[in-house]
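S.K.: Chains as they are written, first to last, in my numbering: chain A, 1 to 296; chain B, 1 to 296.
If you are wondering where the hints come from, they were derived from the structure by calculation, not from laboratory data.
Errors might be hidden in some of the hints.
If several chains are the same, the list does not tell them apart, and a pair holds so long as it fits within one copy or across any two.
Stated by the list, open to error - Derived lysine to any residue pairs resembling SDA-like cross-links, with alpha carbons at most 25 Å apart: (1) K166 with I29; (2) K197 with P134; (3) K46 with L256; (4) K247 with G28; (5) K166 with E108; (6) K63 with G278.
This structure is a prediction, so every number in the text was calculated from the model and none was measured.
2 protein chains.
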Amino acid sequence: MSEDFQDWMASVQARMETALAQCLPLTGIAARLHEAMRYAALGGGKRVRPLLVFAAGELVAAKEEALLACALAVELIHTYSLVHDDLPAMDNDTLRRGRPTCHVEFDEATALLVGDALQTRAFELLAAPGLIAPARQLELLATLARASGSLGMAGGQAVDLASVGKTLNQPELELMHTMKTGSLIRAAVFLGAGCGKAALSATRQTQLDRFAKRAGLLFQVIDDLLDCTASTATLGKTAGKDKAADKPTCVSLMGLAAARGYAESLRHEALQSLAGFGAKAGRLIALTNFICARKF
Amino acid sequence: MSEDFQDWMASVQARMETALAQCLPLTGIAARLHEAMRYAALGGGKRVRPLLVFAAGELVAAKEEALLACALAVELIHTYSLVHDDLPAMDNDTLRRGRPTCHVEFDEATALLVGDALQTRAFELLAAPGLIAPARQLELLATLARASGSLGMAGGQAVDLASVGKTLNQPELELMHTMKTGSLIRAAVFLGAGCGKAALSATRQTQLDRFAKRAGLLFQVIDDLLDCTASTATLGKTAGKDKAADKPTCVSLMGLAAARGYAESLRHEALQSLAGFGAKAGRLIALTNFICARKF
Chain A
1 MSEDFQDWMA SVQARMETAL AQCLPLTGIA ARLHEAMRYA ALGGGKRVRP
51 LLVFAAGELV AAKEEALLAC ALAVELIHTY SLVHDDLPAM DNDTLRRGRP
101 TCHVEFDEAT ALLVGDALQT RAFELLAAPG LIAPARQLEL LATLARASGS
151 LGMAGGQAVD LASVGKTLNQ PELELMHTMK TGSLIRAAVF LGAGCGKAAL
201 SATRQTQLDR FAKRAGLLFQ VIDDLLDCTA STATLGKTAG KDKAADKPTC
251 VSLMGLAAAR GYAESLRHEA LQSLAGFGAK AGRLIALTNF ICARKF
Chain B
1 MSEDFQDWMA SVQARMETAL AQCLPLTGIA ARLHEAMRYA ALGGGKRVRP
51 LLVFAAGELV AAKEEALLAC ALAVELIHTY SLVHDDLPAM DNDTLRRGRP
101 TCHVEFDEAT ALLVGDALQT RAFELLAAPG LIAPARQLEL LATLARASGS
151 LGMAGGQAVD LASVGKTLNQ PELELMHTMK TGSLIRAAVF LGAGCGKAAL
201 SATRQTQLDR FAKRAGLLFQ VIDDLLDCTA STATLGKTAG KDKAADKPTC
251 VSLMGLAAAR GYAESLRHEA LQSLAGFGAK AGRLIALTNF ICARKF
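I would like the entire structure built from these sequences, with the hints used as guidance.
M.R.: Structure, rendered in structure tokens:
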């Protein structure tokens, strides 16, 4: 990982932390709810989806302000999903980013409202006036909604819950991953590239979407691998929980070595899809390598 | 209640039922989640917020398609809030619209995802292309988000949960009601009137907002009254639950007779605010009288 890329990543992460702190209210009304929203959203996270938004924005020389709004919206949607997925009725997790999960630190009712209100705030931020051409902005917002709704992320979580104890074949497993994780990653790339003055050509859009689908799957395969091979301390969340919950994963389906090989082939395909973009794709390429090599 | 108003109300309710059925997917993927979303959203409800959208739309001769999108979005937000509020971690209710609540009929995890995905679908529908001028559409969407987020509806629910067992004074109680119930009703009126070709004048907008605030409070005062005076069979939800849960309400604060008088004065003030709109406000006037006289 080049020093330049590391610096860029750290600067995006720092910008996100500041912007998240600024966009989440800190008020006397519903003070505990607002405190819990900040607890869930601030204090770390790799910010992979915001990094994808900014990296995709480099393809089109996008406006910083619009990219930041998209990055915040995508990250808030991701954060809301973590808070709700961690609830006892869902995955019942107690550790996230090295700290107690939101419902453990606060309470279940608050965590439920935190997720609800973070989702709302995401769409509110993306509806701010003057970011890009309004019709395009509506399109980006609709894309984020579609990606995170019942045919995307939320639907994927439903499939995930229903798949506990079952053996899925590879197409079934990939459909679940595509919905649960892939759709939001794909949306992040689409939003970043949608912030340029001009739209990408249809060919470039197709290539970029092909990249985004591979990157999304890659992210999830690595997640499956890390769940098996990394420690709770390194991950900041409970390790080994897929196996403990008897959830089908890439590793349970194909074994560790084959899953590693599959990740490598996804990385390769993702990078191939970027060939037509030239030097502008530098950040996306480095980010893909980071996603593949990450240790947490 | 005039026959004409009754017919209009029935026609809006029927149109909403059809449109909700059309806008909620029925797919093989995440089938149980989609079934549960339809269970929560279809099969009745007074559709007060959609009625407000359509009635406010008459002030500005709004386009039917835009009004329908706004009405659907507001109703889906309302429905998501009911599904989540009914969960065991929140109000723990088992009966809604005369049927088992969503988590009782399905399960908690599904009900959680139902609420999440209904909220997402609301914003997706309101971001559809070509409804009204895109910049205005973004403004309506941002308004709905603000009204339903942590400084509006979701925040109001947090305050409501925190107020159990406490005695609130009237300003505190009204702030809670304004957030929890009033903000979405106010947004419904704003969205309906925002679907016209031209925006209302600043004066008319202020008058209409004054109306909407009174109508929202009126709705909640009547809700408090009905919780004390109506039966579970009539309400289709558990009666007497405010008292059982030791929640502060208008009735616990001022007594039945004074709460009735207060409702009447809110109705009067609401209607006064509409004076400048002439005959175009006919539906809003009749709807206000309906909200005040409703028995469930």
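S.K.: Indicate, hint by hint, whether the structure satisfies it.
M.R.: Hint by hint, here is what the structure shows:
1. Taking the shortest Cα distances, K166 and I29 sit within 25 Å of each other only across copies (16 Å), while inside one copy they are farther apart (45 Å).
2. Taking the closest pair of Cα atoms, K197 and P134 come within 25 Å of each other both inside a single copy (12 Å) and across two copies (17 Å).
3. With identical chains, the CA atoms of K46 and L256 are at most 25 Å apart within one copy only, with a shortest distance of 24 Å there and 55 Å across copies.
4. Within a single copy, K247 and G28 get their C-alpha atoms only as close as 42 Å, which misses the 25 Å cut-off; across copies the closest is 21 Å, which meets it.
5. Only between protomers do K166 and E108 lie at most 25 Å apart by alpha-carbon distance; the minimum there is 20 Å, versus 28 Å within a single protomer.
6. Taking CA atoms no more than 25 Å apart as the test, K63 paired with G278 passes inside one copy only; the shortest distance there is 20 Å, against 47 Å between copies.
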